[in-house]
Every structure is written in C-alpha cells, then in structure tokens.
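S.K.: Listed here are the chains, written in short residue letters.
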Amino acid sequence: MMFMSHSSLTAWLDELAGERTLIAPRDVGRGHIHLRPVAGSSEITLEYDRPDLSAKEFLFPHTERLMQVEKRSDQVTLHDRFLEKGQVVFGLRPCDAHGLVALDALFRDREPADAHYTRRRQKTALVGIACPQMWESCFCTSLGGAPDDPTHLDVLLTAVEGGYAVQPVTNQGEALLASAAIEEVTDLSLPDIPRNEQVPVLAADQWPAHFDQEYWSRLGERCLSCKLCTFVCPTCRCFDLRDEPVASRTDLVLIERMRVWDACTAPNYRTIAGGHNSRPLKGQRIRNRYYCKFCYYPKDFGPLGCVGCGRCIDVCPVNIDIVEMLNTVYAMHQERDTVEAEAET
Amino acid sequence: MFRRPHQCRQLGGEFHHFLRLTTARPCLTQDNGFVSSAGYVHEEETHLIEQIRAKARELLESGRVSCVIGYEAATRGGTRPAFIYDPDGVDRLVWNRECYANLTTFLHDKKKPARRGEEVPNVAIMTKPCDSRAINLLLSEGQISRDKVYIIGLACGGMMAEGNLQAPCLRCNVRIPVLYDTLIGDPPDIDVTDDFEDLAELEGMSAEERLQFWLREFDRCIRCYACRQACPGCYCNVCEFDRDDSLWIGMQIELPQKYFFHTFRAMHLAGRCVECNECERVCPMDIPLSLLNRKLVKEVSELLGHRGGMTTDPVPFVTILADGEVSLI
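If you read the protein sequences in the order shown, they are chains A and B.
Quick note: the first sequence, position 22, residue 22 per my numbering, numbers continuous.
Quick note: the second sequence, position 137, residue 1137 per my numbering, numbers continuous.
Next comes chain B alone, as it looks inside the complex (with noise of 0.2 angstroms):
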C-alpha cells in the first residue's frame, strides 16, 4: 500500500486525549473525523475538479504557464505530485481527502530555468491552506518570486487518513490559503482552536523523560532525509549534513548523530515552520516530529507574536542587510 499517513492513526491511539476541541459545535468528533455538519461535507465533488482542470487548461493554453504542479491518483490508491506540461494532460489532476503532500517544496525545482539559456519558468501550483503559509515563507525569504507562480488555492475541509482526519487536520483553522491567485471551493464553515493541546503531555513531563522519549523516538530514525527533503523550508544549497567536512557531525547512523539532526533541523525551522505536518507524513518510521516543530512554533508564537508563513513578514530574529538581502541568523 502507497504510504499514507497512518501515523495519524499510530498517534491517535497514544495521543487522542489531545485532541480536545474548544468549539461546542458538533462538527468533529474524535472517532470519525467530521460528520455532516455543511462545512465538513466531503468535497470532492466533481465539479471542484473541473474548475481546477479548467483553470489549469486555461493557463497552459494562454502561456500564462508552462507547468500546473497538482495532484493525481497514485498506483495503489490516495495521490501523487503531478507536473503538468500539456493542456491535455489537465484530466490527470484531481482533489480529494488524499490530497497529503504539501507540494510547494517542489517550487525550489522551479527557481531556476530548465536549461541553460532560458527563462525562470512559469508555474501554477495547486495550494491547500497550510501549504500556502510555505509559499509566504518562500516569499520572505527571497526564494521565489511572486509572479512567477500562480496560485490555485483550494479551500480544504482537511485530509482524510483512514476514514479520519489527520490530527493536524483536527486543530487547523486556517481554511482558505493565506494567498492565492484563483480560489477554489467555498471555506468550510469550522471553528476550532489550536490550543497546542498535542504538546501537553511533553511539556508536562520532566526534562530526562523528555530526553527519554525523544532519543526512543529517534532510535529507528535511519537519516534517510525524507523529512528534510519534503520539507518547503528545508532548501539550504548544501546541508550542513551534506557537507564532507562537517565539524558539527559525524556521518555515523548512530542515536547521537540522529538526535542531533532532528533537533538542529527544528531550531532551523524555528519560526519559520509552516506546520504542513509534511515531515512527519513522510517518516518511515513516524517520528512525531510535529512535536518537535510545533514546540518551537508556540514559544516563537507566544514569544515574538509571529506564526510562520501567515504573511510575508520575514522571521523576527533573522537579519535584513542593508542591500535588503535576508539572511538567517
């Protein structure tokens, strides 16, 4: 079976007392998800579709774009990135509850021209709310230019991870992306609260427990990366673990050398973590490195009052030199 998040699954069974929900309407409930309050209908209605694959024609065919990055249905069911060069080829993409991967990660494939010769390309991107904080980030950042990507934004009700919504899905209250170009879909009408409620039972516990629990954690990590190369934030040109001559760490795939990857890649990410969630999805191993970033989003958040990628703000502890470059610490 094509992976899906099951670690969603994994987590509500240790985790699901979390999932406390702040709002008195019946709209979600921790066994099934959602139910048929109007917001949380399921929408993967057809007509959606054909919006998206109409809007997607309608910019390859004008040379407004030259490639729609969206979704298609993948081998073995749920989806996959699509990268759609051909107005003919629009009829692949599609949108439903498995809509996982955040795929603006792949507009740093897109930074650069094609060949050499030729112009930064032009691109539209199919964006759910929480990917399209990673588009602001971009932005901030200096890595991406607006005109050149267009957003189809898509109102999410939240994806589905085996006939339940993810628990980031849960908490989420950003419904409609943070920009777009066209949207897609009417907000889902929910009205829930990120309390950080899945911190709770880390932050309850004593500083070695805690230790405990992560080095348990990162014991099957086996640094394959797929968290750092999924992730829209992660795009340094060379890793400080790619680097042969690394003074910070060893090449060892040992327990230390681990715990030193995660918790260095999470102080990178502090404040600029989009919470896609996309690090842990892709974690053969299910890490819960959500908590690891969300930690690091709540101090930022209550600290600095900045949420990663809600506008284009850049992060408050990075420097702007005088030439306005931004630079990261």
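One chain only, chain A, in its complex shape (with noise of 0.2 angstroms):
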C-alpha cells in the first residue's frame, strides 16, 4: 500500500497549485465548507464531512460563458470561450465524483458532445478523500456507490495515521502522483467504515405505475418551489441559456451566451412561450425531480440521477427527504404487489 505524510501531501498540492488550477475545500465563512480555487494548501481545510456543493460546478459551471459575440462597426466576430487551463479537485467524496457519471452521460457520452463539458472533463483530475464515515444522510451504498469508492475517481486518499493511503485509480492519476513523495508501506490497513441502512429503489420501469398516486401531491403541499435541493444535487444537470448584453454602444456591442443552472422544482421552468406552464403544480414538480432521477434518466440515458449523497435532506428547509420517498415508493409497490397476487389467487 502506498502512503503519503501530511507534509508530503502539502508539498504536493502546493506544486500542483503551481502549474494548474487547485480547487479543494476552502472554509468560505460560518463554518461553511465550498470546493473552490486555492492558491497553494494553506488556503485548504482537511476538516470537513461533505462540502456544501458537489464538484459538479466544475464540469459544469453554475454559470457558463459559451461564447462571445462581438459586434465592431459591420465586423462581426465569435469568441469561444473554453476552459484553457488544468484543474484538479482536491477532497472531493467518492459520491461526487459518482454523479460526474450521470452528466457524463448527457454531455460527453452522447451525440452530439457537449464540447464545453468534454474540454472541462478532459482537463480535470479528481483527487478524492475517502469519507471517514457515512453521515446520517449517506445512501450511496443504496445506489451502487460507497464511502471508500475509487471507481470514478483519479487517485483515492484514505486518511490514516500520520497521513493517507494513496490509492491512484487511472493513468491520468499515476501520471499526477509522479511529483508526490510516497512510500510503500506494508502494513497498512485502510479503516473498515460502518455502512448505513440500505434504502430500497425500484427499478425504472417499476416507476411509472405509481406515477398517478395522491402522495405526490401531498408531498408536494409542503415544498417551496425553491432550487436547493437541485443545485446542491451531484446529478442535477438542468440549464437555463440566454444571450445577455455585456456593451451596447455605437462602437461597440458585445453579448455573451450564458449556460446557466435551472432547477425543475421552481415555479416558472416549465413556462414556455406565450405563458403556458404544463408543471404548474408543486406536486408534478417534486414528481419530476423524482421521476428524473430514477425512472426517465436511467431509461433515456443509462445512470440513475441519483448517487445517495444526501444532502437534499440536509438542506431541504421543509424535510422533504428522499429516502422517506424511496421507502414510501416501496411500500406502495410492495402494496400493489399483494393486490395482484391477491387477485390472482
């Protein structure tokens, strides 16, 4: 097993700081913890459960420059705007990495690629920390993730005693790792991290027979339409895309295009043109988050949209909390299931 001191680590994250963007956990205030660009390892806090957002702002920006229109006398000109630096994340968790998987699948894997995304995965490196433990939250062994997952991650550290098992998972990883001071340690055990509960999840196509059930409007009753639970989601990949005016003068005009993040559970993101809003209800709306991550997605593109993270629980200020809606989607299956057979015999 390989192992790195803490001091080790710094040097190393200092150097990668040097030559490409760092982005690792950074206290942003009252005890709040934000991935974000550091200048070097001072700026790093390795105290942390789950940082407030996923890494997804980095492969997917909350708010994304596609590109830039400049207008100078009758010249027209097109700018694109696409990532130019490396980035490595730092201390990201196993499940933040694990919902790169679902909007890989829309941006990257499928036809026609999105090339801001793919230019961003290709030049991104994750660096994960294992979590020492599965907060109160955590599913992510429920969805096929874990604790201590490497799979989707470059290099894998396990804080251990004295510093971190390092684990490199890919090439890209291997090639990170060249710089660091590492020693081959033998008796090195990795902590055995207690599991949560297992949630149960019906497949996809057990979904749509419960789609016309009360219980979703009355879950529904209590949500305040707001974005939080989709833009703290790892899988959430909703945008919004708009031409905004940067400068408007008779020199002089210039419109960036903007991809921004959109939530469906907000009141007006179904409203199309002419006023029309076909999810007007809280209800259909807080179905469809639901729907969407574990029927429509993993049928139209193959990953759930969800990784068990839990921080919609977290957050949610009204306690509209996932797995209570897992197991409830259950029973109600479960119910269902007796019927049949009932009427059957």
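Everything labelled a hint here was simulated from the structure, so no lab data went into it.
There may be inaccurate statements among the hints.
[Claimed, not checked] Per the computed footprint, the stretches of chain A lying under chain B, defined by three or more beta-carbons under 8 angstroms from a beta-carbon of chain B, are:
#1 24-31
#2 217-224
#3 239-250
#4 316-328
[Unchecked claim] One side only, chain A facing chain B, incomplete, derived with CB under 8 angstroms:
#5 52
#6 62
#7 63
#8 136
#9 228
#10 258
#11 260
#12 261
#13 268
Computed from a predicted model, the values in this text were never measured in an experiment.
For glycine and all other residues, C-beta sits at the position ideal for the given N, C-alpha and C.
Assemble the dimeric complex from its two separately framed chains, guided by the hints.
M.R.: So this is what it looks like as structure tokens:
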C-alpha cells in the first residue's frame, strides 16, 4: 500500500497549484466548506464532512460563458470560451465523482457531445478523499457507491495514522502522483467504515405504475419551490441558456451566451412562450424531480440520477426527504404486488 | 440531520454579545437560553397538543375548514409543515419547541380553489406570535380574506435550536399572536425589549466595511431562492428575478447578481418584514439575512412608527387607489 505523509501531501498540493488550477475544500465563512480554487495548501481545510456543494460546478459551472459575440462597426466576431488551464479537484468525496457519471452520459457520451463539458472533463483530474464515516443522511451504498469507492476518481486518498493511504485509479492519477513523495508501506490497513441501512430503490420500469398516486401532491404541498435540492445535487444538470448583453454602444456591441443552472422545482421552469406552464403544481414538479432521477434518466441515458449523497435531505427547509420518498414508493409497490397476487388467487 | 436553524448557534458565537437583555429578571441567560422561570417552562405538555388536535378535529368534522395547516414530526428530528384534511389525521399534529417554520407562507397556496369551479378553501392554521404578523400583512395587502382563515393561535415561549433559544426568540416580546380565533396555551410571562442590539456591530462599521461584510456573506449565496420562497411577504406572481426579459438583473449566479438580489428583496420588504426570521432559517449558507431586513425594520419603525404586521394598517408608503386597491409603490 502506498502512503503519503501530511507534509508530503502539502508539498504535492502546492506543486499542483503551481501548474494547474487547484480546487479544494475551503472555509468560506460561518463554518461552511465549499470546493473553491485555492492558491496553495494553506487555504485548504481538511476538517469537513461533505462540502456544501458537489464538484459538479467545475465541470458544469453554475454560470458558464459559452461564447462572446463582438460587433465593431459592421464586423461581427465570435469568440469561443473554453477552459484552457488544467484543473485538479482535490478533496471531493466518492459520491461527488459518482455524480459525474450522470453528467457524462448527457454532456459527453451522447452525440452531439457538449464541447465545453468535454473539454473541462478532459482537463480535470479528480483526487478524492474517502469519507471517514457515512453521515446520517448518506445512502450511497444503496445506489452502487461507497464511502471509500475509488471507481470514478483518478486518485483516492484515505486518512490513516500520520497521513493518507494513496490509491491511484487511472493513468492520469498515476501521472499526477509522479511528483509526490510516496512511501511503500506494508502494514497499512484501511479503516472499515460502518455502512448505513440499505434503502430500497425500485427499478426504472417499476416507477410508472405509481405516477398517479395522490402521494405526490401531498408531498408537494410543503415544498417551497426553491432550487436548493437541485443546486446541491451532484447529478442535477438542468440549465437555462440566454444571450446577455454586456456592452451596447455605437462603436461596440458585446453579447455573451450564458449557460446557468436551472431547477425543475422552480415554478417557472416549464413556462413556455405564451406563458403556458405544463407543470404548474408543486406535486407535479417534485414528482418530476424524482421520476427524472429514478425512471426517465436511467431509461433514456443509463445512469441513475441519484448517488445517495444525502445533501438534499440535509438542506431542505421543509424536510422533503428522498429516503422517506424511496421507502414510501417501495411500500406502495409492495402493496400493489400484494393486491395483484390476491386478485390472482 | 434535517436542517435545524443552526445558524443561530453560529451567529451566537460571533454575535453573542449583542444579545444583551434589558430586563433584570433572571429568566434568560445566554448560555442555556432559558431557565426554570415560570414563563419559560417547556410547553410541550400533552394537554396543549391535545387541545390543538381537538380544535383541529372539531374544525374539520364540522366542515368549518377543509384543511388544517400545522406541524408534524419530521423524519430526522424536529418538525415540518403538515396539511391535514381528514379528522383522523389530526393525531399527526405536534406542538413543541422545534416548530420553526412560518406556515403562513402556505396560505398563498390556498388563495385559489384547488380545482376549477370549486370555492376558495377555508383553512385553519397553527400560528406562532411572530408568524401571526404575516397574516396581518396579507390581510392589509388584500391577499387573503379573514373569514377564510381560522387562526389557531399559539402562545409561545420561543423556539429552541440545539439546546438554546434561537437568537430572534431571545429579543421577541410578542408572545401571543397579534390576532387569532382561538388561543392555545397561556401567555408566557416574559419581559424583554427589542433594542436592535443585533445591528450594533454593522451600524458601527464604515460604509466600506459594511459593503465588504455583505459581499463576504453573499459570496456563499447560490441563488436558490429559498429565502424568497419561504417568505410570506414575497408573493409576486412573477418575481423580477424570474423574468426572462428582466432588464434589472442578469441570470448569472455571481456576486453582483447575488448582491443585487438580496438588497432588492430587502427593499421590497421594508416596512413589510414581520421579523419571523424564516429567510435566515432556510438559508443553506447561513447568510444573516435578518440583519439586512431588521435594519430596514428599524428605519421604518423610527421614521414612520410602523412595524410590519403588528396591525392590519397598510405599510405607510403604499399607494391606495380610489377603488381601495393597494399598490406597493
């Protein structure tokens, strides 16, 4: 097993920060930890559970300028806006990396691939830190993940006595570690992280039978229709696209094409030209959010739209709890099976 | 853990010295929030819950209301909003020191019939004193009719967060709702004065320092709009920030837009804010929004003698049209 001491880690991170953009957990005030670009290891905090937001914003930024249109006299020029410098996201959790699988399926693996996302993905390395425990709302193990799952990372670090156990996962990870001071240690054992209870999740084709249940409108009643759950979600990937004027003068017109996060939970999300809204009720919107995650998205794109990070549970001001929802839908399904079995006999 | 208002704890660390109490009564301490003074005995007593449930059952069974909006136990501790339609569902209702949410915001969902052709529903609502001011606000702005809302008023000794009274409850002197149809519980005997001590540090700063303070706070904002959505006073059909053609603000989730959003919203709540603190409670980033709103509460209170929602008098600077319609600015 490979081992990196705390001081080696610091030196390695400072070196990475010199050649690329280093993104790492940072204290942004009042005890909140966000993944943010840092100048060096001194700005990084290693005391955190889950950062408030996942790592998705560095692949799918909350505000992305896709291109700029510049008009001078009668000449119009288009400027691409691509990520130039490589970036390393350090300290993300395995569920954050797992969440990128859902983003890849839409933005990268399906033709036509999104040029901006693909470029960012190529230029981004992921150095994760295993979770020291599963926190109360975590249920990643019910959705194919684990607190110490290296699968979707380039390097996985696990905190051990005196430093970190190092697991390179990809070639990119190996290359990244080339400059790190790593020792080979034989007697290193990784911590055994207790697992939370499994949450039952119906298969994608079992969901449509429950679409018309009254449960959804009842669940939606207390929803505030904010965008919180979707913004903290590692897999939610809806966006709005708009051309925003930056400058408008006689000699110069500048327009930026902007892609900004959007949320299907917001009241105006489904409003179309003319003002019609095909999802005007809160219950319809919350149902759509969950059906997207567990039914539509796996059917249309493959991966589930949930990795069980539990962030939406923690932040919801009105306790809309995705685990409670999954248990309820599972119970409704069991009940339905029982009724059908009784009808047959 | 289901979100508790832990910002109060964090504010407590930094702002604890603001919580100077003007009373000599030994009923409040900064350490444990409350001690065993009679007014502060924990009122989670069964008989209050039973009174609430009995009233809810009576209202539903008699057909006086079709829905009771109240609190029920949340999945991971604390409480959450509950909507009870069936008299047998009243046993879900709870009333304890963790009933944080301001339920009056849900009255906006009950302003229209549930289905076309039906009547506007009659609802009952469990209402804490601070939240009751929002009902006055909505009445004064013509949003709800008094006869459609049955107010189950709750005498309140304050809500707790992690073993302490929440910061706004420490300064609150409205201990029974400003209006109600029935009152549950006895008014706690509490004597505190709200002297806006929470604003002292900000007011002591230079304009530049204050700007930097707010920019640091707004930097964490993600424009999720939880504050706006939870606010009973934020009910525009189409918010300026939701318009596709807004000329005021871009869609970017960046500092200038966040800064503009919060100051814009605060200005629209000037004289209207009922100080329920719900915006701050729901903020996932613990932005101390109450400081922003309460600064305007203070200004309007001192200049115009008006405090949002204490009566059904409209905000002093609204326009009242000839036909009685109230127009905000």
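S.K.: Against this structure, judge whether each hint is valid.
M.R.: Comparing the hints with the structure gives:
Counting residues of the stretch 24-31 of chain A whose CB lies closer than 8 angstroms to any CB of chain B gives 4, so the stated coverage by that chain holds, three being the minimum. Given as covered by chain B, the stretch 217-224 of chain A passes the check, having 4 residues with a CB less than 8 angstroms from a CB of that chain where 3 are the minimum. Using a Cβ-Cβ cut-off of 8 angstroms, 3 residues of the stretch 239-250 of chain A lie near chain B, which meets the minimum of three, so the contact claim holds. Look at the stretch 316-328 of chain A against chain B: 7 of its residues bring a Cβ nearer than 8 angstroms to a Cβ of that chain, three or more, so the hint holds.
With a least beta-carbon distance of about 7 angstroms to chain B, the hint placing residue 52/A at the interface is held under the 8 angstroms criterion. Interface restraint check: residue 62/A against chain B, minimum CB-CB distance 4 angstroms, threshold 8 angstroms, status holds. Proximity of residue 63/A to chain B holds as hinted, the smallest CB-CB distance being about 5 angstroms (cut-off 8 angstroms). At a threshold of 8 angstroms, the smallest CB-CB gap from residue 136/A to chain B is about 6 angstroms, leaving the interface hint in force.
Nearest Cβ of chain B to the Cβ of residue 228/A: about 4 angstroms, under the 8 angstroms cut. The hint holds. Given the 8 angstroms rule on beta carbons, the hint for residue 258/A holds: about 6 angstroms separates it from the nearest Cβ of chain B. At a threshold of 8 angstroms, the smallest CB-CB gap from residue 260/A to chain B is about 5 angstroms, leaving the interface hint in force. With a least beta-carbon distance of about 7 angstroms to chain B, the hint placing residue 261/A at the interface is held under the 8 angstroms criterion.
At its closest, the beta carbon of residue 268/A sits 5 angstroms from a beta carbon of chain B; the interface hint therefore holds under the 8 angstroms criterion.
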